[in-house]
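Chain L: place on chain B using the hints.
Residues per chain are reported as follows:
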Amino acid sequence: MTIKNRSRITVFILSFLVWLALTHIGDIQEVIAGLIVAFIVSMIAGKFLITTEKSEHIVKRFFSAIIYLFKFLWEMVKANFHVAYIVLNPNLPIKPGIVKIKTDLTKDSAITVLTNSITLTPGTLTVDVNPETKEIYIHWIDVLSTDVEENTKLIGGRFEKLLTEVFE
Amino acid sequence: MIRVIGMAFILIGITFDFFGVLGLVRLPDVYNRLQAATKCVTFGSAGILFGVFILQGFNNFGFKALIGIAFIFLTSPVSAHAIARASHRSGIPLTKETVVDQYQEDNELKDN
Chain B
1 MTIKNRSRIT
11 VFILSFLVWL
21 ALTHIGDIQE
31 VIAGLIVAFI
41 VSMIAGKFLI
51 TTEKSEHIVK
61 RFFSAIIYLF
71 KFLWEMVKAN
81 FHVAYIVLNP
91 NLPIKPGIVK
101 IKTDLTKDSA
111 ITVLTNSITL
121 TPGTLTVDVN
131 PETKEIYIHW
141 IDVLSTDVEE
151 NTKLIGGRFE
161 KLLTEVFE
Chain L
169 MIRVIGMAFI
179 LIGITFDFFG
189 VLGLVRLPDV
199 YNRLQAATKC
209 VTFGSAGILF
219 GVFILQGFNN
229 FGFKALIGIA
239 FIFLTSPVSA
249 HAIARASHRS
259 GIPLTKETVV
269 DQYQEDNELK
279 DN
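Protein sequences, first through last, are from chains B and L. Be aware that the first sequence starts at 1, since it is given in the numbering used here, and climbs by one per residue. Be aware that the second sequence starts at 169, since it is given in the numbering used here, and climbs by one per residue.
There's no promise every hint is true.
[To be verified] Only some residues are given here: those of chain L computed to face chain B with a beta carbon under 8 Å:
| # | residue |
| --- | --- |
| 1 | Gln-203 |
| 2 | Thr-206 |
| 3 | Phe-229 |
[What the hints assert, rightly or not] Here are some chain B residues the structure puts well away from chain L; computed CB gaps all over 10 Å:
| # | residue |
| --- | --- |
| 4 | Thr-10 |
| 5 | Phe-62 |
| 6 | Val-83 |
[To be verified] The calculated lysine-lysine pairs, modelled on BS3-like cross-linking and capped at a C-alpha distance of 27 Å, are:
| # | chain 1 | residue 1 | chain 2 | residue 2 |
| --- | --- | --- | --- | --- |
| 7 | B | Lys-47 | B | Lys-153 |
| 8 | B | Lys-71 | L | Lys-264 |
| 9 | B | Lys-78 | B | Lys-95 |
| 10 | B | Lys-107 | B | Lys-134 |
| 11 | B | Lys-102 | B | Lys-153 |
| 12 | B | Lys-95 | L | Lys-264 |
Hints are computed from structural coordinates only; laboratory data are not their basis. Quick reminder that beta carbons are idealized off the backbone N, C-alpha and C, glycines included.
Chain B extracted, bound-state conformation (with noise of 0.2 Å):
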């Protein structure tokens, strides 16, 4: 079998889970309409989920994820009583601007991760990403300094580690 149809039949079940999920399932013709629009969706879209081959440890890799995302949830509250914490202080202590990082991690599907949990952490937010030299540019509500390797550090060092034991 090929990469694109298993990614297909990936697709496939996932998208007739979430709508079984979201309907009422003792319906029959709810189950015929998911059908249909899975069919539609995996044809149309089905090839990007998947793109490479069978990787390994997966067992590994899952715990990986759990452990990121436990660490995530800690970051995403922190970043809650950042903003609650600036919001409500009378005079606002912003120092915003746009700085630049680098990143090791080459997945497509990786690097959106770990731009995602940017946006969700303490005080940055993802503004582009090139995707050839690996840069990401970053809005900082609050920015400590302006050199490269030390923003690296200081924003991406917080996930990259980890992202990379669950991606490669």
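Same frame as chain B, but now just chain L:
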């Protein structure tokens, strides 16, 4: 007891949604506002949905709330990223307090 916990989650969610809206009003430019809007509104809405899930348990409503959390977490940062990039490219200026803009510097290098 379950009712109290669920209500507590909904209350936390509403509080952070409120902080997000406050940030939307108080912060100076579009990028800073996006920061407050994405973080707090994502967390706040997820909190409300999780409260609904705890109140309802594993039935139709509960499942929909859980799936809603997953979709908010996936889509909210992506849309913020799209808005930030689009506003920078169409030349919306950063606020006066801005200290550095390396994105602008790199773009100018590319153009010349």
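For the restraint on Phe-229 of chain L, tell me whether the closest CB of chain B is nearer than 8 Å.
violated, 11 Å
Restraint check for Lys-71 of chain B with Lys-264 of chain L, where alpha carbons must lie at most 27 Å apart
violated, 34 Å
Holds or violated: Lys-102 of chain B with Lys-153 of chain B, Cα cutoff 27 Å?
Distance of about 9 Å is within 27 Å: holds.
Within 27 Å, alpha carbon to alpha carbon, are Lys-78 of chain B and Lys-95 of chain B?
holds, 19 Å
Pair hint Lys-107 of chain B and Lys-134 of chain B, alpha-carbon separation not exceeding 27 Å:
holds, 11 Å
Claimed clearance of chain L by Phe-62 of chain B, with the beta carbon kept past 10 Å
holds, 17 Å
Interface hint outcome for Gln-203 of chain L [beta carbon to chain B under 8 Å]:
Hint on Gln-203 of chain L: holds, closest Cβ of chain B at ~5 Å, below 8 Å.
Assertion that Thr-10 of chain B lies farther than 10 Å from chain L (Cβ):
At about 17 Å from chain L, Thr-10 of chain B clears the 10 Å cut-off, so the statement holds.
Non-interface claim for Val-83 of chain B: all C-beta distances to chain L beyond 10 Å?
Non-interface label on Val-83 of chain B violated, nearest chain L Cβ at 5 Å vs cutoff 10 Å.
Lys-47 of chain B paired with Lys-153 of chain B [C-alpha distance capped at 27 Å]
Not satisfied, since the Cα-Cα distance of roughly 35 Å exceeds 27 Å.
Pairwise hint evaluation, Lys-264 of chain L against Lys-95 of chain B, where the allowed Cα distance is 27 Å at most
Cα-Cα ~10 Å, so holds.
Are Thr-206 of chain L and chain B close enough, Cβ to Cβ, to be under 8 Å, as the hint says?
holds, 6 Å
Taken one by one, the earlier hints fail for this structure at numbers 3, 6, 7, 8, listed in ascending order.
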